[in-house]
Amino acid sequence: MKVIPIVIAYFPDVIQLNKNINQLLVSDYVSSVIVVDNSDNNSYEKQTTDSNIIITSLLDNKGIAEAQNIGISKAINLGCDYVLLLDQDSFISSSILHELVSIHKEITGNGLKLAAVGPRIYDVFTNKEVSPIIQKDKKSNRNYDIAKQIIASGKLIQVGVFEDIGFMESELFIDGVDHEWCWRAARLGYSVAIANNAIMPHTLGDRRINILGYNFKIGASIRLYYQVRNFIHLSKRNYTPFYWKIRNLVGFLVKAILYTFLSDRNVRIRMLYKGLIDGIKGKFGRYE
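Numbering (the UniProt record's numbering), first residue to last: 1 to 288.
For the record, the hints were derived by calculation from the structure and aren't laboratory data. Among the hints, erroneous ones may be present.
Below, in silico cross-link-like pairs of lysine-lysine (PhoX-like), each with a Cα-Cα straight-line distance of 20 angstroms or less [as the list claims (entries may be wrong)]:
1) K62 / K255
2) K245 / K148
3) K236 / K274
4) K113 / K74
5) K2 / K105
6) K62 / K74
7) K255 / K245
8) K245 / K281
9) K128 / K217
10) K46 / K19
11) K74 / K2
Kindly generate the complete structure, drawing on both the sequences and the hints.
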């Protein structure tokens, strides 16, 4: 049984990334790791000599979806059974990987069509589990829960399901890619699951700010463009959950108010507006 992890990198910390990769290479399931580098140079490739790390330097930011698709295609051609999608700062030990594989086998052994299984996510800023506020996961048993969607990082996928579900939607570029794939899978009768005993720390946003006693996550301003634009695109689709549409609509209104407290408020409001206009116009791809 063969698992190929696929790490999407963008100007990575070489030492930290290779440390994370080495944790995966300890596993009996893993003999090689694919790194798809979205950076505009091949610095990581030049600094990495491990033959077990297969590097594709794109020399341009093609977006997370396209990079994932390139990695998935390469992994399938190498004859793997599963792919494990990861961000460059994701840390998954061999024991977590083994738990994901075990839960995947348990669920499919029970006759459920499974698109993917992922770990429980803990936010490194708050040291708390990330869990839905509105749409709760469906409790299945003590080993796993069935979810509406899971994030890309830590997602274990049996490669055969790509024939039914398809690859990631490259035109979305970044935000919403992971959720859209899960919803598309659900439309075809597949489920996604969370392994309760597989815990992965993950960085959500770039930093936190406190306003009136509440902590808010803050990411790069350019992400607002993709979030709003892709919200418009995905809201038009009948397989996108209604609760997600409402939650994000309210969320963007709150963000518009929140950003008036930030020093770069003008840039952020402009990104919100540009994303709205391009979403209405039907524009996809990279921000220009």
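Cross-check of the supplied hints:
1. K62 / K255: Violated - the C-alpha atoms of K255 and K62 are around 27 angstroms apart, more than 20 angstroms.
2. K245 / K148: Holds, at roughly 14 angstroms.
3. K236 / K274: Holds. K236 to K274 sits at ~18 angstroms (cutoff 20 angstroms).
4. K113 / K74: Distance ~24 angstroms between K113 and K74 Cα, so the pair is violated.
5. K2 / K105: 14 angstroms, holds
6. K62 / K74: 16 angstroms, holds
7. K255 / K245: Judged against 20 angstroms, a Cα distance of about 15 angstroms means the pair holds.
8. K245 / K281: The given pair, whose Cα atoms are some 19 angstroms apart, holds under the 20 angstroms limit.
9. K128 / K217: Holds. K128 to K217 sits at ~14 angstroms (cutoff 20 angstroms).
10. K46 / K19: 17 angstroms, holds
11. K74 / K2: 14 angstroms, holds
Checked against the numbered hints given earlier, the structure breaks hints 1 and 4 and satisfies all the rest.
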